[in-house]
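> Chains as they are written, first to last, in my numbering: chain A, 1 to 290; chain B, 1 to 351; chain C, 1 to 233.
Everything labelled a hint here was simulated from the structure, so no lab data went into it.
Hints are not guaranteed to be accurate.
Below are the EDC-like pairs computed for lysine to aspartate or glutamate, each with C-alpha atoms no more than 20 Å apart in a straight line [claimed, not checked]:
(1) C:K56 to C:D23
(2) C:K129 to A:D176
(3) C:K179 to C:E115
(4) B:K7 to B:E338
(5) C:K179 to C:E125
(6) C:K57 to C:D74
(7) A:K166 to C:E97
(8) C:K179 to C:E119
(9) B:K221 to A:D91
(10) B:K310 to A:D92
(11) C:K154 to C:D74
(12) A:K166 to C:E96
(13) A:K166 to A:D176
(14) B:K221 to A:D92
(15) B:K243 to B:D170
(16) C:K154 to C:E30
(17) A:K287 to A:D177
(18) A:K166 to C:E115
(19) C:K154 to C:D202
(20) C:K154 to C:E5
(21) B:K310 to A:D91
(22) C:K57 to C:E5
(23) A:K166 to A:D177
(24) B:K243 to B:E92
(25) C:K78 to C:E58
(26) A:K166 to C:D74
(27) B:K321 to C:D15
(28) C:K78 to C:E27
(29) B:K7 to B:E340
(30) B:K243 to B:D253
None of these values were measured; they are calculated from a predicted model.
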Amino acid sequence: MTGLLDTIIQGILLGGLYGLFAAGLSLAFGVMRLVNVAHGDFIVLGAFLALYVQRVLNLGSPFTTLVILIPVMFVIGYVIQRLILNPTLGDDILRPVLVTFGLSVIVENVLLQAFSADSQKLQGGSLEITSIALPKGLAVGWFPLTMMAVCVAVIAILQFIMYRTKLGRAFRATSDDGMTAGLMGVNSQHLFAIATGITLATVMVAGVFTGIRASFDPNSGPDRLIFAFESVIIGGLGSLWGTLLGGVLLGVAQGIGARLSPDWQILAGHLAFLVVLMVKPSGLFPKRGD
Amino acid sequence: MSAEKIKVLVQRSTRTSRVATILFVPLVIILVLAPRWLDRGTISMLVEFFFYLALAQLWNLLAGYAGVVSLGQHAFIGLGGYVLFGLCVIAEWHPLLALCVAGVVCAVVAIPVAALVFRLQGAYLAIGTWVIAEVFRLAFSQVTSLGAGSGISLPVSVAQDIPISSLERDTVLYLLSLVLSLFVTFGAYWLLCSRSGLALTAIRDNEGAARSTGVDNLRVKLLIFVATAFGTGLVGALIYLTKFRISPPAAFDINWTSYVIFIVVIGGIGTLEGPIIGTLVFFLLRQYLADLGSWYLIILGAVAVAVMLKMPLGLWGAFSKRFDVHIFPTRRRLAKAEVEGIVVNDKAEAV
Amino acid sequence: MSLLEIRNLSAHYGDFQALYEVDFHAEQGETVAIIGANGAGKSTFLKSISGVVRVKKEAITFNGEAIGGVRSCDVVCKGVALVPEGRRLFTSLSVEENLLMGAYSQKQAGTWTLETVYELFPRLEERRKQGAGTLSGGEQQMVAVGRALMSNPKLLMFDELSLGLAPKIILHIYETLAKIRALGTTMLLVEQDIRQALNVADRVYCFQEGRVSLQGRPQDLTQDQISRAYFGV
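Isolated chain A (complex conformation):
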């Protein structure tokens, strides 16, 4: 019983990571109806950038790299959206999907070229090893706890931006009716670029956490994309907190699968996703409308 409880707790906390993966995806879709197929690859890019910057600047912790890299990734997101993705937006879904798929291939192979195919890992230091003791002989690592706490904080910040700032108001208005938002003075080209900038900033944070949690290589992107995507679908479109809950469910499903057999971990997650898709395609906690 303790074993099962432990699995569930680990799964819930893993949901924090998946929620982090998915938050940016959810935001971009909410604002622009854009799904960036390269999303996972950007997470891995973030992990590699953290690795590189930490090495080059001789920093003690990968978290310190965030000070430089969050703004850097924001700028990268802004530029990519402005130059490459904005022209693809419209009614046709073919173009954004194919262009972002092309981006995915480019990012993966640039990383391959720059860093080789070797597996890498970020070192989280003592955070990775220490844990808090809980009753009944359970223990919870500081790292997973931090992961979940940061995820909750990131989502809270995103919610704040969306619902309590002028920028967020503009995001929601543009999502409702882009033409009329333009009549109010909203420059959608610029606004969308900011949205992607914010998305990549969250992706950077996700990258550091996933890089510490497990090893990664240039081809790890698609897996991250799939976890993010499954979290969004399980949780329900349109709600950031729903996405976190979706991530939690995914994490728990994977944990239970891993208990049965290590090979079954990821497959169990996929199956949970497929079940939700079959039974409640709009997700478990969708926002009304959409």
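Position chains B and C against the provided structure of chain A, taking the given hints into account.
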């Protein structure tokens, strides 16, 4: 002006298509006889060309016409391959029979897959198909009788079953790949010329408008999804029959989809000629760039992105639009009309 | 010099030409009505001014500046606001948030603020936190007008203000319009309701198949002239 006074001639063929039809027969004859005078390496390359062409036509039919963007068609490549290997290795069937069954199995599996995946829209549907491919890969990695994660080779006895009469094994495989790519290309053409084809072209041009004229979009999409799964499964089975070895990472490799997408995008989505041009360009680029390793894929990706942004109709699409050239004409044009005794041609000039 | 001066304005939707060499002017403080049948080009005309439809730069001069073809997000900064056809409120935003969106382009405060808009439309203050989509047609129209006012425009344009509204509501809206007019705001009204249009306007233009078929002061025009210009007989 009464109805009897108007006579019309609706034509599909264009001058280019008539020329192409005449050139086509000698071309096929040359290709059929090719194994006689080409070396193994070239034949091998031709086989690969036919595979990619077939896969590209199928993906194009699904995405460019039915509007279903799939990032997971490699699920059926792998499934087709594994069904073939399963039937040959475990049930000891004749490989050529197993080939046909592989296609059918993929078609049948496509139905529940569609039931799941069609619940999603747009880009999410695309990623959903990718998840399905991953599920297949992980599932087959668990099947120990087929080699689990490391895969399995085709037994020699099966290989010896392939030759037919006086034709060697390699020739048989070559001819099969040629026939398959012709079958797929002309199958797609036939489909597009039919009534369902009109529905497809309508969906390609404007889904909402198509629905309003009574086209049952969902049914058409499902049909095309199942049909392309069948074709993709057939091709996948043949690919791995040719390779004599299959493993989950290879059979369900996303690169199958990446290359096919690049081919269709660069050649021209939504046209039948596009995949042909695209496959040619793909092979040319591979010839000169393959030594560059990951740079090859970076360039391919960058070219595809650039084409999608600047020339979304692709090479053939842009060319065809500019010069109004069609080798596979699917449009029906008003070639001539006689109205109240005056005959006019398709440019509305009196003749 | 007119506040809004339009010369030789032509507008296209792809291959289709919607406006043919239209000449038009509006003076500071005037209320100009634009009438015409469906498809006459009235909406296109307003959209050309607010930058939704691209036209030649010199065709439209506002406040001495050539603004033809300027993007709509930049036009509002110059002092031109449009209340679009069908209201087009942001349904996932509340009433108050819709009004605040109107002030998006504002760098400093002007006459119109949340307080003054609520004074004009007390009903909206009661419903300030409600989702904009839950309001009645008339209330939505009030939000649309208030939203346009929040940008403190020099030129306020209305596209089919009375469309789909009950007569009582239309009267109320037009009473409010009178108050706005009294403050000296220049207004352009595209109206289906000819009677209402002629009632409030200083001058009226009639559009017919993309061209101006008639213009003048309401009192100078006969019923017959208007019918002919409207239907193009």
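> What are the numbers of the hints that this structure violates, sorted from low to high?
Failing hints: none at all.
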